[in-house]
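Residue numbers (the numbering used here), protein chains in the order written: chain A, 1 to 288; chain B, 1 to 160.
Derived from the structure by calculation, the hints contain no laboratory data.
For each residue, glycine too, the CB sits at the ideal point set by N, CA and C.
A few of these clues could be false.
What the hints assert, rightly or not - Residues from chain A shown here face chain B by an in silico Cβ test under 10 Å; the list is partial:
no., residue
1, F263
2, G264
3, E271
4, V275
5, A282
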Amino acid sequence: MSRSFRFSLFGAVLALLTLGCNTPQTTTRRSSLMDYLYPKQQNAPAPNPAGARLKLPLKLGIAFVPGGSASWRVQNLMAPGQEKPLLDVVKQSFKDKPWVADIKLVPSTYLRPGGGFENMDQVARMYGVDVMALVSVDQIQYTDPRWYSFTYLSIVGAYVLPGDANDTRTLIDAAVYDVASHTFLLRAPGQSQLKGSSTWAYREVQLREHSAKGLQLAMTDLAKNLDAEVAAFKAEIASGDRKDVDVVDRQGVSLRQSGGRNFGGSVSWIEVLGVLLILGAALRWRRA
Amino acid sequence: MDPLALTSEALREPWRLWTGHLVHFGWEHTLANTFALLVPALLVPCEDRRRLCTVALLAAPLLSLLLLPGLGQDQYRGASGLACVLWTWLGHRLLATEDSAPLGRLMLGGLLLKLAGETMVNGSLLVRAEGWQTLPAAHLWGACLGLISTIPARFHARRA
Numbered sequence: 001m002s003r004s005f006r007f008s009l010f011g012a013v014l015a016l017l018t019l020g021c022n023t024p025q026t027t028t029r030r031s032s033l034m035d036y037l038y039p040k041q042q043n044a045p046a047p048n049p050a051g052a053r054l055k056l057p058l059k060l061g062i063a064f065v066p067g068g069s070a071s072w073r074v075q076n077l078m079a080p081g082q083e084k085p086l087l088d089v090v091k092q093s094f095k096d097k098p099w100v101a102d103i104k105l106v107p108s109t110y111l112r113p114g115g116g117f118e119n120m121d122q123v124a125r126m127y128g129v130d131v132m133a134l135v136s137v138d139q140i141q142y143t144d145p146r147w148y149s150f151t152y153l154s155i156v157g158a159y160v161l162p163g164d165a166n167d168t169r170t171l172i173d174a175a176v177y178d179v180a181s182h183t184f185l186l187r188a189p190g191q192s193q194l195k196g197s198s199t200w201a202y203r204e205v206q207l208r209e210h211s212a213k214g215l216q217l218a219m220t221d222l223a224k225n226l227d228a229e230v231a232a233f234k235a236e237i238a239s240g241d242r243k244d245v246d247v248v249d250r251q252g253v254s255l256r257q258s259g260g261r262n263f264g265g266s267v268s269w270i271e272v273l274g275v276l277l278i279l280g281a282a283l284r285w286r287r288a
Numbered sequence: 001m002d003p004l005a006l007t008s009e010a011l012r013e014p015w016r017l018w019t020g021h022l023v024h025f026g027w028e029h030t031l032a033n034t035f036a037l038l039v040p041a042l043l044v045p046c047e048d049r050r051r052l053c054t055v056a057l058l059a060a061p062l063l064s065l066l067l068l069p070g071l072g073q074d075q076y077r078g079a080s081g082l083a084c085v086l087w088t089w090l091g092h093r094l095l096a097t098e099d100s101a102p103l104g105r106l107m108l109g110g111l112l113l114k115l116a117g118e119t120m121v122n123g124s125l126l127v128r129a130e131g132w133q134t135l136p137a138a139h140l141w142g143a144c145l146g147l148i149s150t151i152p153a154r155f156h157a158r159r160a
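So here's chain B without its partners, still in its complex pose (with noise of 0.2 Å):
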């Protein structure tokens, strides 16, 4: 088994939380995976990274947490979870100001309908040719982990 794969393990090998996000199945995995957490690190403003990067590190373990109690005896492996919780966070940030509105619509849209896609598709059409199945409970507790993490951000904006 994958050291640094998320598995069940994750509870005696606390690193898993963290790395069960960034091993993929094969190199189109990863690529794919990429391409979507590209989009928030090239899209988020300059005075906004540090915060993107501690909505990362943090969201990570508590999404691997989440998922863990429906893995089993399996194991998980991919970034889009972690995508999901950036894009809906970014997309927030992005609402709050005029003129980035449009764009924070637009990647939520976006991710609203690849939520809705993989809800209505049948689970077995998500099942990979090189042996593995997409986990949608990630995307859905990712985009949910999103909308937690934008909170504090809310509070802060209120009390000022």
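Next up, chain A with everything else stripped away, as it sits in the complex (with noise of 0.2 Å):
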């Protein structure tokens, strides 16, 4: 065997061995609420000095915020037909509620990357919704080989030992804002997290899968802290802490000014005097 043969035949064992073995790698699915709302050449606008006033019922509509600019670490969003049931989950939990008259899912494709106030106000118009519910993204993948993972180079080893180490971490945030005077409204997030070992070959299958059933998950999750956000919300303006809002119910009775009513069933102290005397005199009476 001559010596530049010998040198080739390292060359390529190394080679393989570089591009065989399994290296960590990360996957990122990203939206900004931010960067659509307030895209970075654009000023932030200031906030309606009027404050949001909410009459309820509400129509709320629904849509993902759409990915910004998508680097080559970024992968896309979401698979088409994806984004619908995803919503739904979110729709089903808030469809039955007292203050919710409508709620409408706004495909995310109707949003312009760094669209601002301007495209949720286009939007809110077209769908007749007060509320705009906006949810972003970011979901992240990590692929850490285990120690056995070079058992790839064998190809076999490549489709029978699952040597990925699969993490996928996904955290949505739902924003609400009142359409009419873009006041920020509430946020609640909706977290989740999975993992999972793969085979070099099911890996690409499993991250897939992985990445729905965690937004799924999130979405849930999502829509849970939701509900508890908006009754903290209630609670806020109900004692005057949020000023810049004020909610009016169907009765045409300002939330801020009722302060949120609680009525009890009671019988005051004179009552319960009089309450014992009666059970005093009747087991008196029992008795004699």
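Assembly of the complex is requested from the two constituent chains, each provided in isolation within its own frame, with the hints serving as guidance.
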């Protein structure tokens, strides 16, 4: 074996080792609310000093914020057809709420990247909604090699041994805005984490599955948190902590003025005294 | 929002129809209503105890459903509406026998006095310092339900 042949063989093996050995890999899917509403080239619009006046029941629109300028590391946000079932999770959990008149699912294709409030207004007018919930996504998928991932070099190992440890972390954030005044009303997060192992050949399939499942779980978490945030938001308005927002119910009563009335079935202490007298008299009469 | 209080959410979360009568605004509210519930619990004849429990279980969601349309976005807590149901029901039961009739009259008279007082008093006087106000409708509807719940017993008595 000549020296040059041995050198080429060593080079080929080294190249194979370098290329064949599994290296850590990170995939990111991201859409930013700030990039959409406040694109860098524009100054952030000043909020309406009059604040928001929401008239119940509300017509609510939900949309995924479009992904920003994608780098080679940032992949498309979600597969076609994946958006509607995800938004449906929120729609289903809010459709029976007494303060909601209607929920419209707005396709993200109607939202321009960096469209700002102008674009949000257009879409809101188109769907006839009072309030828009803008959902942004941040999903990171890590793939780390296990110690035995070198067996991928045998080709068979790449199809048989699960040498990849996959970790999918998803954070979804919903920010709710009043369309008329552009007032920020509330926000709620939803998160999920999925872990799994896969073979080299099955890696992409599992990552896709985990991505979809992670979004689904985070959306369910978001729906739950959004419910709690709405209750907290209502309490803030009733207590007067949110001076920039007022809510008017069906009867035209302002929540800020009524303070979110609490009613109780009660017995006054004078009545309690009467009750005790009746009880005492009854027990004495029975004994007699 | 309290997950047990009676709100318009009760249509989606039906347990609120019962639990709304169990939760209160503070210990004073709880104590006062406990006294009101104690009277029918102690004075009910042994043979009627099961009936009293049945009336309480059935009347609680019915009373809640009657209160819901007026609540809007607000909430209701307290057992006194239910106490009114039981006072009316037991008062009527006690009226049926000659021995216990004076006691029945005393209970119904006392309840009537309370309802008349609440109807006459201005609503603002029923606002409590703890940030809630009495809902006289709960007591009125409670008394009405108590009256209605005496119908089966009367029907049985007539058939017998």
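Index of numbered hints that the structure contradicts, given in increasing order:
none
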